[in-house]
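Dock the two chains into a complex; use the hints.
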Amino acid sequence: MYNQTEVIKDTSELGAEGELIINMGPQHPATHGVLHLVVTLNGETIKKIEPHLGYIHRSIEKMCESLTYRQFIYVTSRMDYLSSHINNLGCALLVEKGMQIEVPERAKYVRVILSELTRIASHELWLGAMAMDLGAFTPFFYAFREREMITDIMEETCGARLTMNYIVPGGLMYDIHPDFQKKVKAFITQFKAKVTEYEDLVTNNIIFQSRTKGVGVLTAEDAISFGCTGPVARASGVSCDIRKLYPYDVYDKVEFDEVIETAGDSFARYMVRVKEMNQSIRIIEQLIDTIPEGDFVGKTKNVLKLPKGEFYTRVETARGEFGIYVVSEGGTTPHRIKFRSPGFSNLSALNHMAAGSKIGDLMATMGTLDLVIPDIDR
Amino acid sequence: MTNEEIKEYIPSIAPNAILDETGEWLNITIEPSELKSFATALKEGKLQMNYLFCVTCVDWKTHLTMVYHLSATTHRQSIVVKANVNREAPEIETLSGLWKTANFLEREVFEMFGVNFLNHPDLRKLILEDDFKGYPLRKDFEDPINMIKL
Chain A
4 MYNQTEVIKD
14 TSELGAEGEL
24 IINMGPQHPA
34 THGVLHLVVT
44 LNGETIKKIE
54 PHLGYIHRSI
64 EKMCESLTYR
74 QFIYVTSRMD
84 YLSSHINNLG
94 CALLVEKGMQ
104 IEVPERAKYV
114 RVILSELTRI
124 ASHELWLGAM
134 AMDLGAFTPF
144 FYAFREREMI
154 TDIMEETCGA
164 RLTMNYIVPG
174 GLMYDIHPDF
184 QKKVKAFITQ
194 FKAKVTEYED
204 LVTNNIIFQS
214 RTKGVGVLTA
224 EDAISFGCTG
234 PVARASGVSC
244 DIRKLYPYDV
254 YDKVEFDEVI
264 ETAGDSFARY
274 MVRVKEMNQS
284 IRIIEQLIDT
294 IPEGDFVGKT
304 KNVLKLPKGE
314 FYTRVETARG
324 EFGIYVVSEG
334 GTTPHRIKFR
344 SPGFSNLSAL
354 NHMAAGSKIG
364 DLMATMGTLD
374 LVIPDIDR
Chain B
13 MTNEEIKEYI
23 PSIAPNAILD
33 ETGEWLNITI
43 EPSELKSFAT
53 ALKEGKLQMN
63 YLFCVTCVDW
73 KTHLTMVYHL
83 SATTHRQSIV
93 VKANVNREAP
103 EIETLSGLWK
113 TANFLEREVF
123 EMFGVNFLNH
133 PDLRKLILED
143 DFKGYPLRKD
153 FEDPINMIKL
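In the order they appear, the protein sequences are chains A and B. Those letters in the first sequence? Residues 4 to 381, by my numbering. Those letters in the second sequence? Residues 13 to 162, by my numbering.
Calculated directly from the structure, the hints in this document are not laboratory data. Please note that the accuracy of each hint is not assured.
Said to hold, decoys possible - Once the Cα atoms are required to be at most 30 Å apart in a straight line, the calculated DSSO-like pairs of lysine-lysine come out as:
1. B:Lys55 <-> A:Lys247
2. B:Lys94 <-> A:Lys51
3. A:Lys311 <-> B:Lys151
4. A:Lys111 <-> A:Lys185
5. B:Lys55 <-> A:Lys51
6. B:Lys151 <-> A:Lys100
7. B:Lys145 <-> A:Lys65
8. A:Lys247 <-> A:Lys216
9. A:Lys311 <-> B:Lys19
10. B:Lys151 <-> A:Lys304
11. B:Lys73 <-> A:Lys311
12. A:Lys185 <-> A:Lys195
13. A:Lys100 <-> B:Lys73
14. A:Lys65 <-> B:Lys151
15. A:Lys65 <-> A:Lys100
16. B:Lys137 <-> A:Lys65
17. B:Lys137 <-> A:Lys361
18. B:Lys94 <-> A:Lys100
19. A:Lys308 <-> B:Lys73
All of these numbers come straight from a predicted model, not from anything done at the bench.
Same shape as in the complex, but just chain B (with noise of 0.2 Å):
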């Protein structure tokens, strides 16, 4: 399979996705509540991206963006989903129930950024301590022992 093949094919599951070649891998931004359906397709249909190897955000300082890394074993073809959620009270679908490894990663970007994940089985504080306060890996977080600028 190759980028061509996957872009053609994305629009078929995905019809509002918006996609970008700029970068090494495809990027598709889609709408934070098509986001379950769009990685159930993904995973279960013709692509088989079985491989889910990172999940993170980006504060843009007016909205957040959530981006998952997916790949497959059977053709080692990556792509890039993204979906922007509000900086207020962000909120989007969780995926751990198609890919194992999104609990624990997801409770990483819970603390840091405070993004909910609807529906997760287990969203807790992973790394910090339970009684922290805010999001350190937003870009308006005050570190109360000054130790970073930015």
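Just chain A, with the same shape it has in the complex (with noise of 0.2 Å):
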């Protein structure tokens, strides 16, 4: 075990000769988020990276323990700040399967048209970032143009822009806003305008090919037994889509693609996400127009209790598989509940990913993972 306030270790102090250790992070512009990196390299070929996390660990899972059912769910927005919706609904769920609350029509489509709106923004954002790591500048300013939109869209339903605490057991906190169907609407025709140039920016990129294709390969066999979900493992040909595997909510009555590729590298990764998002529009276009009055939310107890026993739920969130395990004692609290993050596993497949690759390579593999550090650190 070494000190890992240690900025550089001198060389002369490892046995192989040339052979250099960089702490990337936890300040680096490209880890968007305080990752700890270390580094070792032999020339320019990396050896070995070790992650070392808990900049940003809250103890979450503790704190959990200490929270009402109800109380819960907000913890969880501060996880994947990019996917608040799909963590809260996550929770909901739960709570919905282990009391069994009935939720209205109504709110299972909102739900679902909110989870999408929410990949589509979290890829958007990954988009511009990961264009950003690079090299390419304007692709963010492109992503964010849309990604606003959506953000408008969120900030008039749901009151906030990023953590948004919107999704409650038995539905919705509130109903939607009178002109959330004309601005949704309004956003597809936006996006489907304008998602093209994405693919003559980036996409169709010369110098982005060059630098991401062959880059990180992960094969099917690594990507499952790293525990890899989301874009990441789809890249690598492994169907993992939990919408597709276990629908929850309404997922079960829209037409959409589970997008696969195979080449396990981060340009597959890449595909898969752009492609995703056409796919979340597609589920968009079918709920839209149908969403069905009526109640936004369930009949619920005020006080919350969730039967002895145990309860695991999965949804999927723009980076993959987020479960959620609850042993209960029949109390108003959980006894133990842990968060399956997509980030965590997803990050332990880097070392194997990047070792052998050159460090100008590191950024493309890391930034197709498309890591968010809170939900790794929980």
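See the structure below:
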């Protein structure tokens, strides 16, 4: 065990000649958060990457043990802040499953639409940030132009732009804004017209392609062994979309394709996310005109008590499978709660993917993992 | 493959296992000493449980329970494997040789609950500081800043 605060180790201490240890992070423009990677280099070739976590660890699992089943949802927005709706949805589904709460159809439709809007917003942010990591600054502004429309819709309906806390056990906190459908349709029109610009700017860009193709390859066997989910696993040809495998809310009523690529490299992970945005649009289009009238929240008791037992739910966030495991003793607070965060498992594959490649390619590999650090540290 | 088939198959690889069907998935409780061989049989045998998606631990104040959630990319049935370890000197065999994801997940359990994973390739703290004392997710942990009162 060595000291984490050490900046650079003297190479003479190490046995191997020419070996250099670089501390990337915790403050680094490309880690998009406080992630600390200890990279062992031999010349320009990466020998080993060790992630050091915990710079934003808040012990959310321990906090949740003292929070009630109505309160703990609000903490989960602070984990994967780019998928906060979907995190909230996972918690709501868990309480609904445990207590057999009926959810009105209207709420189910709105939840799925909001989840897909969240997914698009998350992928947009990732697209801009990832292109910026590789040196292309312009796509960032293009991506944020569309993302801004989504955050405006969220602000109007949920009252918040980032940590929404809008989905509650039983349905929604309050009804959607009267302009919701109109604004979502305006967004769809805008997005469809502008999505080709991403293709021109990034996908067909020869520099981008040569920097991502064949970089950070992850085979299907390794993706499964490392527990990877979401776009990372789907780019390696592993079918793992929770929306398809274990449908929740109204995902079994809509038609969409699970995007699967087989190359397993950074470019494949990029392509999966870009195609997923189009699939999300497809889902929203099927639901937006048919939101049923009626209640937006089902009947629930004031004090929620989960029966004694164990519960597990999983939802598909923008990063992969988000699982919630609750051990209940029948009280108002959980005895133990565990959040299975997709980023944590995806990060564990980083060393395997990047070892042997050049330090310059690390940005492409790490960028396409789409890490959100508060989600990993919890 | 259905849950019934899994239930019938388990006793052939672990005769002493205790099965519990009250939850959503089949719960299998085994002795910690049998974990490694049982897990190997699950992964490489008929069930092909190649996807370990969650490893955690629960503190019951009298003992700790290791919980492994397993699934398979072929038949998509999930099972839960549990092993009770004592609280004073918890020890259990590592599964990082079978599933690579176990490496990180077990390091997290190690620092949060103090479970010692035998033959783990790299058992160090992952999230907490190097000099952190105590095991925060245990029920008797006293938080010095007193942010969380149970």
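Here is what the structure says about each hint:
Pair hint B:Lys55 plus A:Lys247 holds up; C-alpha atoms about 24 Å apart against a cutoff of 30 Å. Only pairs whose Cα atoms come within 30 Å are accepted, and B:Lys94 paired with A:Lys51 is rejected, the gap being roughly 33 Å. Distance check on the hinted pair: A:Lys311 and B:Lys151 sit about 18 Å apart at the alpha-carbon level, within 30 Å; holds. Simply put, A:Lys111 and A:Lys185 have alpha-carbon atoms about 19 Å apart, close enough for the 30 Å limit, and the pair holds.
With a C-alpha separation of about 28 Å, the suggested pair B:Lys55 and A:Lys51 falls inside the 30 Å cut-off, and the hint holds. Restraint check: the Cα-Cα separation between B:Lys151 and A:Lys100 comes to about 26 Å, which is no more than 30 Å; the hinted pair holds. Between the alpha carbons of B:Lys145 and A:Lys65 the distance comes to roughly 16 Å, so the proposed pair stays at or under 30 Å and holds. Distance restraint check for A:Lys247 and A:Lys216: the Cα-Cα separation of roughly 28 Å lies within the 30 Å cut-off, and the hinted pair is therefore satisfied.
At roughly 23 Å between alpha-carbon atoms, A:Lys311 and B:Lys19 fall within 30 Å of each other, so this suggested pair holds. The straight-line distance between the Cα atoms of B:Lys151 and A:Lys304 is roughly 29 Å, inside the 30 Å bound, and the hint therefore holds. Simply put, B:Lys73 and A:Lys311 have alpha-carbon atoms about 17 Å apart, close enough for the 30 Å limit, and the pair holds. With a CA separation close to 16 Å, the supplied pair A:Lys185 and A:Lys195 stays within the 30 Å bound.
Our distance criterion of 30 Å between C-alpha atoms is met by A:Lys100 and B:Lys73, whose separation comes to about 27 Å. Note on A:Lys65 and B:Lys151: the hinted pairing holds, with a Cα-Cα distance of about 9 Å set against a maximum of 30 Å. For the hint pairing A:Lys65 with A:Lys100, the CA-to-CA distance comes to about 22 Å; that is within 30 Å, so the pair holds. For the suggested pair B:Lys137 and A:Lys65, the alpha carbons sit about 18 Å apart, so the restraint of at most 30 Å is met.
A threshold of 30 Å between alpha carbons decides the hint, and for B:Lys137 with A:Lys361 the separation of about 28 Å falls inside it, so the pair holds. About 23 Å separates the Cα atoms of B:Lys94 and A:Lys100, which keeps this hinted pair within 30 Å; it holds. Between the alpha carbons of A:Lys308 and B:Lys73 the distance comes to roughly 22 Å, so the proposed pair stays at or under 30 Å and holds.
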